[in-house]
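Could you build all of it, start to finish, from the sequences and the hints given here?
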Amino acid sequence: MTLERRRFSAMGSTVEIITVGGRRSGVIDAAVARVHDLERRWSRFVESSEVSALNRLAGATVRLSDDTLLLVELARRAWHETGGRFDPTVLRAVEAAGYTDSFDRLGSTVSRPPADERAIGACHAIEVDRRAGSVRLPSGGGFDPGGIGKGLAADLVSHELSTGGVDGGCVNLGGDLRVWGVGPRDGGWRVGLGARTIELTDVGVATSGTRRRTWQVDGEAVHHLIDPTTSRPSTSGPDTITVIAGSAWRAETSATALSATAGDDVAALAERWGVRAILR
Amino acid sequence: MSQPRHPALAARILAAGLSTAAVLGIVAVLARDSQRSARDDQDPVVEIRVDAVPDDELRSSLAEWLEGRPALTDDWVDVVDVPADTASEPS
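The listed protein sequences correspond, in order, to chains A and B. Take the first sequence: its letters are residues 1 to 280, numbered as in my numbering. Take the second sequence: its letters are residues 1001 to 1091, numbered as in my numbering.
It is possible that part of the hints are untrue.
[Claimed, not checked] Have a look at the derived ranges for each label pair, beta carbon to beta carbon:
id : chain 1 : residue 1 : chain 2 : residue 2 : range
1  : A       : 211       : B       : 1064      : 34 to 42 Å
2  : A       : 267       : B       : 1082      : 21 to 29 Å
3  : A       : 128       : B       : 1055      : 20 to 28 Å
4  : A       : 196       : B       : 1070      : 21 to 29 Å
5  : A       : 83        : B       : 1081      : 35 to 43 Å
6  : A       : 219       : B       : 1082      : 38 to 46 Å
[What the hints assert, rightly or not] Partner residues aside, some chain B positions facing chain A, computed with beta carbon under 10 Å:
id : residue
7  : 1061
8  : 1065
9  : 1071
10 : 1082
11 : 1083
12 : 1085
13 : 1087
[To be verified] Non-contacting residues of chain A with respect to chain B, defined by C-beta distances greater than 10 Å in every case (computed):
id : residue
14 : 4
15 : 8
16 : 47
17 : 48
18 : 52
19 : 62
20 : 84
21 : 101
22 : 124
23 : 231
What the hints contain is simulated information worked out from the structure, not anything from laboratory work. Backbone N, C-alpha and C fix where the C-beta goes; we use that ideal spot for every residue, glycine too.
This is how it looks when you write it as structure tokens:
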């Protein structure tokens, strides 16, 4: 059975796309292009992206592409389903923690910009008009696609590959991944989680951790996972947590939410949300 | 049916070979000023807009895909002792 694999950099991460079988050539190349396309639309570090425009124009109604509308809609839904533990409006807190540029350009020590915590926790105030194709953020607010963007991109690209005639595949954006169909050696897909490997099929997997994407601010080590209840980098959650869910966007938002959750509550919340959580 | 919004969708659908699953409209507006005078220094304006509207089947397929499997249970996760095909680590 034909096996194709691509590794490249996008969305601040290493991306890996693997396809098994397939009836047409060029499908995997289209998938690579599609990842770059989504990065151009969603990155908050790309001045011309739709998300950058949305944040610059907070308070105004902004017409967006279908992809970006979907991103905002699902982020809002994840906020609702996790009881606010996943919150895409923490952008100003992320920036206040010093995460103001793409991580590969950030450096190990950054100065802390003035905190602007307006509209954090105001996800309910995001207005989405699907008929008009528009979104309005609350004035002063910001939308952070981190914590959902890579997972949703994995889902969208996987769907396009699956409808493009591929028999099985894996789209892995920096650890946030979707696998479906047959794996490279028949059966399912073997996904490495540190020292162990698990076999899965037709699921999304995401891992969040406080040991990566860390930097120093005023001599203090900080990381990118914001606790929406404090608007500060979380201190109560597990170091590393992997979530397996029906889709990658849900796995990623759940992992982000649980990364700011005290260990005792993780299992109960995961069960309530219908996902599997693995503390590492 | 909502109005289409961006050309990438059309490219995507075409790349996926879903010709029967999309309604493709190509609107090419060629504005030529046949009366253009020597004093007119404006080039002819050509605007091409490619719109695509996925049909209900494709919309339904994507919605189902984004929902994924229902609640996961333990028997859906098997620990195996073989090399991994891919890995999930914090990024």
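Hint-by-hint comparison with the structure:
The hint said 34 to 42 Å for the Cβ distance between residue 211/A and residue 1064/B, and at roughly 36 Å that hint holds. The hinted window of 21 to 29 Å between residue 267/A and residue 1082/B holds, with their beta carbons roughly 28 Å apart. Checked against the hint of 20 to 28 Å, the pair residue 128/A and residue 1055/B passes, with Cβ atoms roughly 23 Å apart. Distance hint check: the CB atoms of residue 196/A and residue 1070/B are about 25 Å apart, consistent with the given range 21 to 29 Å.
The supplied range of 35 to 43 Å is met by residue 83/A and residue 1081/B, whose beta-carbon atoms lie about 38 Å from each other. The given range of 38 to 46 Å is respected by residue 219/A and residue 1082/B, whose C-beta atoms sit roughly 45 Å from each other. For residue 1061/B, the shortest C-beta to C-beta distance to chain A is roughly 7 Å, which falls under 10 Å, so the interface hint holds. With 10 Å as the threshold, the beta carbon of residue 1065/B comes within range of chain A, its nearest partner Cβ sitting at about 5 Å, so the hint holds.
At a threshold of 10 Å, the smallest CB-CB gap from residue 1071/B to chain A is about 3 Å, leaving the interface hint in force. Below 10 Å, beta-carbon pairs count as interface contacts, and residue 1082/B has one with chain A at about 6 Å; its hint therefore holds. Because the smallest distance between the Cβ of residue 1083/B and any Cβ of chain A comes to about 7 Å, under 10 Å, the interface hint for this residue holds. Interface restraint check: residue 1085/B against chain A, minimum CB-CB distance 5 Å, threshold 10 Å, status holds.
A distance limit of 10 Å between C-beta atoms decides the matter here; for residue 1087/B the minimum to chain A is near 4 Å, and the interface restraint holds. Distance to chain B confirms residue 4/A as a non-interface residue, since its nearest Cβ pair spans about 13 Å, more than 10 Å. At roughly 14 Å from the closest C-beta of chain B, the C-beta of residue 8/A stays outside 10 Å, upholding its exclusion from the interface. With a cut of 10 Å on Cβ distances, residue 47/A stays outside the contact zone with chain B, its closest approach being about 19 Å.
Residue-level check passed: residue 48/A sits 14 Å from the nearest beta carbon of chain B, beyond 10 Å. Annotated as non-interface, residue 52/A keeps its C-beta farther than 10 Å from every C-beta of chain B; the closest such distance is 17 Å. With a least CB separation of 12 Å from chain B, residue 62/A remains clear of the 10 Å interface cut-off, as annotated. Residue-level check passed: residue 84/A sits 21 Å from the nearest beta carbon of chain B, beyond 10 Å.
The claim that residue 101/A is not at the interface with chain B holds, since no C-beta of that chain comes within 10 Å of its own (minimum 16 Å). The beta carbon of residue 124/A sits about 22 Å from the closest Cβ of chain B, which is more than 10 Å, so the claim that it is off the interface holds. For residue 231/A, the condition that its CB be more than 10 Å from all CB atoms of chain B holds, with the nearest at approximately 21 Å.
No hint from the list above goes unmet by this structure.
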